[in-house]
Amino acid sequence: MKRLSHFEYRVPKTVEEAIELLESGGPDARLMAGGTDLIMKMKLGAISPKFVISLKKISGLDAIAFSEKTGLTIGATALLADVATHPDILKHYPAVAEAARGTANVQVRNMGTVVGNLCNASPAADNAPTLLAMGATVHILGAGGKRDLPLDQFFQGPGRTALQGAEIVTAVSVPVPPPASGAAYLSLSARGKLDCTAVGAAAFVTMQNDVCGDLRLYIAACGPTPLRAPGAEEILRGKAPTDDLLEMAGRQACAEASPITDLRASADYRTKIIAVLASRAIKAAGKRALER
Amino acid sequence: MKEFSIVGKHVPRNDARAKATGTAVYTDDIKLPGMLHGRLLRSPFAHARIVGIDTSRAEALPGVKCVITGEDIPKVKYGNWRLFPETQDEYALAVDKVRFIGDEVAAVAAVDLDIAEEALGLIEVEYEELPGVFDIDSSIKEGHPVIHDYCPTNISVDRKIEYGDLEKAFAESDYVREDVFTVHPVSHAYLEPCSALAQCDLDGRITLWTSTQVPYIIQCLLASTLEMRENDVRVIKPFVGGGFGGKMELRAWEFCAAFMAKKTGKPVKFTLSRDEEFLAGRRRHGMKLYSKVGFKKDGTLTGKDFRVYLDGGAYNAMGPTATFLCGNFGAMLYRYPSYRYLGEHVYTNKPPASAMRGFGAPQAIFATETQMSIAAEELGMDPIELRMKNAQVSGDEITGFATISSCGFKEALEKVAEMSGWKEKRGNPKEGRGIGIGCYSFISGGAFNWFNTQYPYSAAEVRVFDDGTAHLLTMAADIGQGCDTALKQILAESLGLKMEDIRITSADTAMTPQADLGAWGSRLTLFNGNAVLDAAEKIKSKLYGAVSARFNMNVIHDFECKNGRVFPKGKPDRGLTFGEAVAMVQKAQRGEPLLAHGYYTPRDKGLVTPAFSFGAQVAEVEVDKKTGIVDVKKFWTAHDCGTVINPRAAEGQLEGSIQMGLGYALSEQFIMDGGKTLNTNFLDYKMPNAMDMPPSEVVHLDTYEPEGPMGAKEAGEGLAIPTAPAIAEAVFNATGYRCRDLPITPEKILKAIEESESEKGGSKSTMK
Numbered sequence: 007m008k009r010l011s012h013f014e015y016r017v018p019k020t021v022e023e024a025i026e027l028l029e030s031g032g033p034d035a036r037l038m039a040g041g042t043d044l045i046m047k048m049k050l051g052a053i054s055p056k057f058v059i060s061l062k063k064i065s066g067l068d069a070i071a072f073s074e075k076t077g078l079t080i081g082a083t084a085l086l087a088d089v090a091t092h093p094d095i096l097k098h099y100p101a102v103a104e105a106a107r108g109t110a111n112v113q114v115r116n117m118g119t120v121v122g123n124l125c126n127a128s129p130a131a132d133n134a135p136t137l138l139a140m141g142a143t144v145h146i147l148g149a150g151g152k153r154d155l156p157l158d159q160f161f162q163g164p165g166r167t168a169l170q171g172a173e174i175v176t177a178v179s180v181p182v183p184p185p186a187s188g189a190a191y192l193s194l195s196a197r198g199k200l201d202c203t204a205v206g207a208a209a210f211v212t213m214q215n216d217v218c219g220d221l222r223l224y225i226a227a228c229g230p231t232p233l234r235a236p237g238a239e240e241i242l243r244g245k246a247p248t249d250d251l252l253e254m255a256g257r258q259a260c261a262e263a264s265p266i267t268d269l270r271a272s273a274d275y276r277t278k279i280i281a282v283l284a285s286r287a288i289k290a291a292g293k294r295a296l297e298r
Numbered sequence: 044m045k046e047f048s049i050v051g052k053h054v055p056r057n058d059a060r061a062k063a064t065g066t067a068v069y070t071d072d073i074k075l076p077g078m079l080h081g082r083l084l085r086s087p088f089a090h091a092r093i094v095g096i097d098t099s100r101a102e103a104l105p106g107v108k109c110v111i112t113g114e115d116i117p118k119v120k121y122g123n124w125r126l127f128p129e130t131q132d133e134y135a136l137a138v139d140k141v142r143f144i145g146d147e148v149a150a151v152a153a154v155d156l157d158i159a160e161e162a163l164g165l166i167e168v169e170y171e172e173l174p175g176v177f178d179i180d181s182s183i184k185e186g187h188p189v190i191h192d193y194c195p196t197n198i199s200v201d202r203k204i205e206y207g208d209l210e211k212a213f214a215e216s217d218y219v220r221e222d223v224f225t226v227h228p229v230s231h232a233y234l235e236p237c238s239a240l241a242q243c244d245l246d247g248r249i250t251l252w253t254s255t256q257v258p259y260i261i262q263c264l265l266a267s268t269l270e271m272r273e274n275d276v277r278v279i280k281p282f283v284g285g286g287f288g289g290k291m292e293l294r295a296w297e298f299c300a301a302f303m304a305k306k307t308g309k310p311v312k313f314t315l316s317r318d319e320e321f322l323a324g325r326r327r328h329g330m331k332l333y334s335k336v337g338f339k340k341d342g343t344l345t346g347k348d349f350r351v352y353l354d355g356g357a358y359n360a361m362g363p364t365a366t367f368l369c370g371n372f373g374a375m376l377y378r379y380p381s382y383r384y385l386g387e388h389v390y391t392n393k394p395p396a397s398a399m400r401g402f403g404a405p406q407a408i409f410a411t412e413t414q415m416s417i418a419a420e421e422l423g424m425d426p427i428e429l430r431m432k433n434a435q436v437s438g439d440e441i442t443g444f445a446t447i448s449s450c451g452f453k454e455a456l457e458k459v460a461e462m463s464g465w466k467e468k469r470g471n472p473k474e475g476r477g478i479g480i481g482c483y484s485f486i487s488g489g490a491f492n493w494f495n496t497q498y499p500y501s502a503a504e505v506r507v508f509d510d511g512t513a514h515l516l517t518m519a520a521d522i523g524q525g526c527d528t529a530l531k532q533i534l535a536e537s538l539g540l541k542m543e544d545i546r547i548t549s550a551d552t553a554m555t556p557q558a559d560l561g562a563w564g565s566r567l568t569l570f571n572g573n574a575v576l577d578a579a580e581k582i583k584s585k586l587y588g589a590v591s592a593r594f595n596m597n598v599i600h601d602f603e604c605k606n607g608r609v610f611p612k613g614k615p616d617r618g619l620t621f622g623e624a625v626a627m628v629q630k631a632q633r634g635e636p637l638l639a640h641g642y643y644t645p646r647d648k649g650l651v652t653p654a655f656s657f658g659a660q661v662a663e664v665e666v667d668k669k670t671g672i673v674d675v676k677k678f679w680t681a682h683d684c685g686t687v688i689n690p691r692a693a694e695g696q697l698e699g700s701i702q703m704g705l706g707y708a709l710s711e712q713f714i715m716d717g718g719k720t721l722n723t724n725f726l727d728y729k730m731p732n733a734m735d736m737p738p739s740e741v742v743h744l745d746t747y748e749p750e751g752p753m754g755a756k757e758a759g760e761g762l763a764i765p766t767a768p769a770i771a772e773a774v775f776n777a778t779g780y781r782c783r784d785l786p787i788t789p790e791k792i793l794k795a796i797e798e799s800e801s802e803k804g805g806s807k808s809t810m811k
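Heads up: the sequence lines are chains A and B, in that order. The first sequence begins at 7 in my numbering and counts up by one. The second sequence begins at 44 in my numbering and counts up by one.
To be clear, the hints were calculated from the coordinates, so they are not data collected in a lab. Treat each hint with caution, since some may be false.
To be verified - In the DSS-like style, the derived pairs of lysine-lysine whose C-alpha atoms are separated by at most 25 Å in a straight line are:
#  : chain 1 : residue 1 : chain 2 : residue 2
1  : A       : LYS49     : B       : LYS211
2  : A       : LYS199    : B       : LYS676
3  : A       : LYS293    : B       : LYS669
4  : A       : LYS199    : B       : LYS335
5  : A       : LYS289    : B       : LYS719
6  : A       : LYS199    : B       : LYS677
7  : A       : LYS199    : B       : LYS74
8  : B       : LYS211    : B       : LYS74
9  : B       : LYS669    : A       : LYS199
10 : B       : LYS719    : A       : LYS47
11 : A       : LYS289    : B       : LYS677
12 : B       : LYS668    : A       : LYS293
13 : A       : LYS199    : B       : LYS668
14 : B       : LYS668    : A       : LYS289
15 : B       : LYS74     : A       : LYS49
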């Protein structure tokens, strides 16, 4: 690990000011929320930005808001630790809280943010699959104005997002969960309780009298971005999630992912585990839906 | 159990407050005026000839003060087996050849770290790549590349042990079992990376502060490689953040710091990065172990044939000792009437393996214990019953090596069976749950003398003062295991003083008495404890004389030191305070300070060790049969370390051992691409952390080791041994997967479950 190379540290007070700094810095400028990914990349020498623009002093950007009408909004600098313990999130979006709580360790959760986890665009990001399954939207502000983008159009590849030029994600929002709906996220890694995810699966399900209604399934760390498995969803849509169908859906999810062998797991093992986690995640989400 | 006032009590550790408040000073914390920062250039090739090195551009970089290569240094090889110079195979910087990725090629000292780092990039090395070997089999097969010219076979050391008539034993056995085991290398992963700071005084003498387990060995080897006299080198060990065997040899940066300090006249410091530690640091030996054991129908062992290849990596490091010890550990736990061992240490183009907590035992005993469990299964016996039948007991002799004076092995087996509810759990298996046992025996320090020291193995100096205090000086290296505290406790107990009455100075080769072979082989409590007691006895005899004279006592009286007083036994009123007694002696000596030297060298205790520890551990696991993930639910441990000097320190050793054993069994491994280590950080090197620690219960058995100080023996390494075999047996109990190649991974478990399911299917079809 190298020592940090020289850079200028900027602390704007408003989003507009941050955008200006980002624009003037061009490719030499990087945004920083918690810095838990950025600083590591700099220390490893993977990137050496000339300007680091901290978003931490922009007031209100760390807000977490919930209303029964508009749903949940998580501001760009809201900490993983705060999302993991927020009473409204625990009550209405338990899977979102669980994903935040399952991210890295206490120290990282006290520094890192949910939005930063998304913008880092790791295929293994723990917060992406649940938010994707729940139909989240990212709110983007740039020199050209405001735009909202469904989260499932946000990820372009490892480390790559749909952000262009001087754009900032100011928040991610999640719609109000429909009645009788549930979401669940399961992940697995070699070390057990504290590790980078080797395989993850998130499911969102609405249940109508023991039959799956709407269903969304996302697989993490098994492709260049978190991947949706529409074929697997189709197997269960409109049907009761029996063990046989769940198993079949799990197998279909494997076929829809593109796992590789890397330091964290082999492609073969990932393939087996996608099936297990996908069916378990759907089952858990379905159970939650019926409990609501 | 004997009654003690301080030994065996919950005494706070000497270092606890400094570490908890962050005031403990480690080597890297030390900054000297004008200090230069050093960095090492490492080989990018696993095996290559060095054609030429051009350092001119690096030297020209402003801020660079010194650049050295293998050309610049005295051509003196080093290694801890000084008695056998042919085993000393390492130069501080590569000469002519590099032998692993990370091998040190050049060193830079500059005014700051950034400049030093930049200078490394300016050194041009021309290499001629050579074919490399990366595993035992290809290193010893016909036509293999030769790694060291002196060693055309690539087998640098071998070791044989043989006793009893093995062929006859197997011929007369009712059941003979043969297995091949492989175990993988793992990292010490001490939290303090290696660091060394050297200063050269105007007379040319060197002072080296270094993160080491062996100050005396560093002093000697540094002196020889610098072509200096030993006494012109002073080695100081500040606080050390763990070693586990990874800091017990002279290393390149220690030499380079000293050599460059001498050359520049400025202090030079090197601190390794974690990346360097994982890429090029020492490791536990990977091994291939062939084991054949014979039994009688009733489970009685008849003999064992044990053949082991150690994957040594590019240099011997502490491999020769591991080769030796592995053979002893192979037969230590049980009574084998006949035994044959052949261990061979094989060079490969990988980072050198070396000593690591257990020193050959985790590997040898993983094989032994797994095979015992397989045998129990096939003989239709309970695994604990089979072990009870063959367990060593007090008074047993390991032919030609040692006599076991104290042994709580059977008690340990009985105790863990009871604590864990073994019978009940083995008898009523629950789906996905399993319970397994692993046992250990370990040495309390090595009796062997390959370092060829002319000094005692451990020494102590005790100075006492008329204010009722004492000063203990010892070269014993506290590296976090707590020997400073344990030695103070032993001295306080012996002199009848309180902990706060004792000042300790340790591990400074210019101040503390010669010598000490270091913190390894679980030797300090027994070896240095005995040295401290020896010195204390000499002090006490003087004090007793003074008190006897003062009260004009009849010569038949014996005396004791207790509660800060010195008095005849049974007559506490006829005595003096400790300080008064010291003053009396000093008066009688016409002002000469009262001090004494003590020492310990094991004599007439065989070649291996003066005392053996024993223990047993049960693990309970839950295995997710769909994902292969193993969740260890609980550990139960019963161990025999003789008198427990400091219960919390012993429990700390157990917790640390479980953490290491858990990683060894389940999650830690180096991911290699040929000679290149791919996972060089804690994200991808999967060391278990606090959240992974299962609950644990422990019983320290009540035993007394006659050779140990106040009955104590080792508690630091043996405990690191049983965890992997206990987990492996529990996983077998839960899933039917029998691990013969560590680590136990989810993939291996799933594969075994699939195979057993398809076998079941197969047998069904033949039934039709």
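Go through the numbered hints given earlier and state which of them the structure violates, listing their numbers in rising order.
1, 4, 5, 7, 8 and 11
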